[in-house]
Amino acid sequence: MATTLTREQTRTRVKPAVIDGDIHNDLPSPQALLPFLPAEWRDYHARFGTFGYSATAYPRINPNAARHDAWPPGGGNPGSSLTFMREQLLDAWNIEYGILNCLIGAGARRLDQSAAVAQAINEWQVATWLDPEPRLRASLVVPYEDGQLAAAEIDRAARDRRFVQVLLIARTAEPLGRRKYWPLYEAAVRNDLPIGIHFGGSGGFPFTGAGRPSYYIEDHAGMAQAFQSQVVSLVCEGVFEQFPTLKIVMIEGGFAWLPPLMWRLDAAYGRLRAETPHLKRLPSEYIREHFWITTQPMEEPTKPAQFHQLLDQLGMSDRLIFATDYPHWDFDAPDQAFPVRLDPDLERRIMADNAKGLYKF
Amino acid sequence: MVTVPGARPITAPGWTGQPRLDLGLVDCDVHQGIKQPEDLYPYLPRVYREQMIEQGGMRIPGSGYFNVPQNAGRTDLAAANCDATKHSTHKMGNSYEQLRDEHLDLWHVDYALLTGAGVYGASVLPDPDFAAALCRAFNDWTMEHWIARDERLIMAMAVSTSDPRLAVREIERIGADPRVRAIMLPTGNRMPYGNRFYHPIWEACERHGLVIGIHPGNEGAGLAGPPTGVGYPTYYIETRMARPQMAMAHAVSLIAEGVFEKFPRLKVLIDECDQFWAVGLMWHMDADWKSLRDQTPWVKRLPSEYFREHIRVGSQPMLEAANNEQFLCMLDAMHADETLVYSSDWPHWDWDDPATTFPKLPEHLHRRVFADNAREMFGL
Chain A
23 MATTLTREQT RTRVKPAVID GDIHNDLPSP QALLPFLPAE WRDYHARFGT
73 FGYSATAYPR INPNAARHDA WPPGGGNPGS SLTFMREQLL DAWNIEYGIL
123 NCLIGAGARR LDQSAAVAQA INEWQVATWL DPEPRLRASL VVPYEDGQLA
173 AAEIDRAARD RRFVQVLLIA RTAEPLGRRK YWPLYEAAVR NDLPIGIHFG
223 GSGGFPFTGA GRPSYYIEDH AGMAQAFQSQ VVSLVCEGVF EQFPTLKIVM
273 IEGGFAWLPP LMWRLDAAYG RLRAETPHLK RLPSEYIREH FWITTQPMEE
323 PTKPAQFHQL LDQLGMSDRL IFATDYPHWD FDAPDQAFPV RLDPDLERRI
373 MADNAKGLYK F
Chain B
6 MVTVPGARPI TAPGWTGQPR LDLGLVDCDV HQGIKQPEDL YPYLPRVYRE
56 QMIEQGGMRI PGSGYFNVPQ NAGRTDLAAA NCDATKHSTH KMGNSYEQLR
106 DEHLDLWHVD YALLTGAGVY GASVLPDPDF AAALCRAFND WTMEHWIARD
156 ERLIMAMAVS TSDPRLAVRE IERIGADPRV RAIMLPTGNR MPYGNRFYHP
206 IWEACERHGL VIGIHPGNEG AGLAGPPTGV GYPTYYIETR MARPQMAMAH
256 AVSLIAEGVF EKFPRLKVLI DECDQFWAVG LMWHMDADWK SLRDQTPWVK
306 RLPSEYFREH IRVGSQPMLE AANNEQFLCM LDAMHADETL VYSSDWPHWD
356 WDDPATTFPK LPEHLHRRVF ADNAREMFGL
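Chains A and B, in that order, give the protein sequences.
So the first sequence is numbered by our numbering: it starts at 23 and just counts up by one.
So the second sequence is numbered by our numbering: it starts at 6 and just counts up by one.
Source of the hints: derived by calculation from the structure; they are not laboratory data.
Beyond 12 Å from chain B on every Cβ pair, some chain A residues (computed):
{"no.": "1", "residue": "L49"}
{"no.": "2", "residue": "F58"}
{"no.": "3", "residue": "A114"}
{"no.": "4", "residue": "I126"}
{"no.": "5", "residue": "V211"}
{"no.": "6", "residue": "R212"}
Computed, partial: chain B to chain A, Cβ under 10 Å:
{"no.": "7", "residue": "T192"}
{"no.": "8", "residue": "N200"}
{"no.": "9", "residue": "E224"}
{"no.": "10", "residue": "P231"}
{"no.": "11", "residue": "V235"}
{"no.": "12", "residue": "Y241"}
{"no.": "13", "residue": "A254"}
{"no.": "14", "residue": "D279"}
{"no.": "15", "residue": "W282"}
{"no.": "16", "residue": "L286"}
{"no.": "17", "residue": "R298"}
{"no.": "18", "residue": "T301"}
{"no.": "19", "residue": "Q331"}
{"no.": "20", "residue": "C334"}
{"no.": "21", "residue": "D337"}
Glycine included, every Cβ here is placed at the ideal spot set by N, Cα and C.
Throw the hints in and build the complete structure from the sequences for me.
See the structure below:
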């Protein structure tokens, strides 16, 4: 019987395996978390839920910020069905390894509840994602607004090496270089895990230094600014002098803003180094040594050649990690992610090898 | 080797170090400042004079960050070889004679936009009436002590946004003066500048042909929120890195709120926030707009088209790329022949002189950046 091959099936035949640095899994229902919660929190959580700053005052483009076709046929939120994720992503695009970044909040204001929820999410990830699917790895969800509690969760859960990084969020209550977060970094280094900082979050402040804007496009385009503040803070606070083996992955933040930021920071540091005597090197040297970047969503240059110029200015081609952002609306397909045709060697590094080196696959 | 005072040593190959005296020069960021609060007393109502005497000054909120000493003034101007003493002043930026001798005459500046100092903070003062009175006093003082003394000086009038009605009243009072070419607002404020709250001010600016100037000031201070979207950083260098972020927030807001559809003749000048952020932002916004434009249907064109038509970026502090090729690629990508205007930031320590700030540019581009873009923006 003749069958029509979908675009996904066609691509599978010709593409070498890829590693996906950003996949989002979700609970099928809020109740699904309850069996994994510590007993003393189960009743409280079921009755009251969690309270934190909401980052969703702006309308996403779609419900759950999802692709229209990503709702599982059997019901539940996009990203909540492993079967459907296999069909739509892992099998369809020949994903060798994929990293789950679960965005169910661990940013609750009540920090001990936040820690309990983080632990439950991690246990749920082991039972329902990592155990049944050997291609999946996961980021550790931690109560990031409390460095000590976050460190404890890292030490508890990192024994399972299928957790390959610690997940933070771009918009935190304080810039991530501040010392309240240092115990978290110490634990990450102790357990040899990189830190992933993902798009999103809300620390409660207006999310621009110029106040609160009105529309989602401003929210979305404004996320790159949060990433910039985090890069600047991590460098200027001396985090990389304190933790020289710390690795940071910026997930879903874009990167066209990074070369000018490095130039700007180097120039300012050259004239202001009396203020930060704890820094020993140029800021751009710390950045190029300690940072990795996932590709989705890439800025779209006006002229394709400008993408090559951007890679040249960035000088971090060994640090770019391909990501789809499945199941979200701005998903990047592996065969159409780049605005230009890349050199095959470079493409293989971005699609798989850089991630293999970082995550030790 | 350049021997002009303040010209920095040339570090990058291919950079000229020679001012192009024949091509025109418009400087879009020159600071004039009062020597002491008493300078404003003749221009203030008695109630505020008494408040300032009793409470010790202008109450402009600070954000508590480190800065370089001496009011961030150029250190070389205080040195003996520049003979700052002859200008009968002890601080940088408060002497017209010094501006004339050490900047306007020296570099053959055709026009310089006075952008003020200190009063940016009026917009985040709690008392909107006091804020408006301070701006009015500063404007009158500037006109009498600077504008009236030199044909080359044009002015960005001080305006507080805290009560748009009062801001409009001040624009109606002096905005028709041909020497007033802009208003000046701070980067740090309660809401980004596309918000409808501000539209009466923009309407008045468009009517008078005034450019909306935005300059770093009071970010993280007074009624403004923290200087970054992730809270308060620790060091001054971090707040400097936050300036381009606030510039981006304002640019995105102005475009997304449809300000340039509503006020099609409006121009915006963003000073002292660097410049190459414009490239990534235009690419990012264009990509987002393709997916999200049904949420803001009044944004009818690519965001980068509004940017190129309506937003001008002051050049200072100019960044050096790793090499000239990357630098020129950036100028090309930001459409510098439309969007970039020369700014010196006289007389601050991190100022950019007109000679050594850029590599040798093609003559067409040089004319656009150093003179023509600004002439068109200000209608000079």
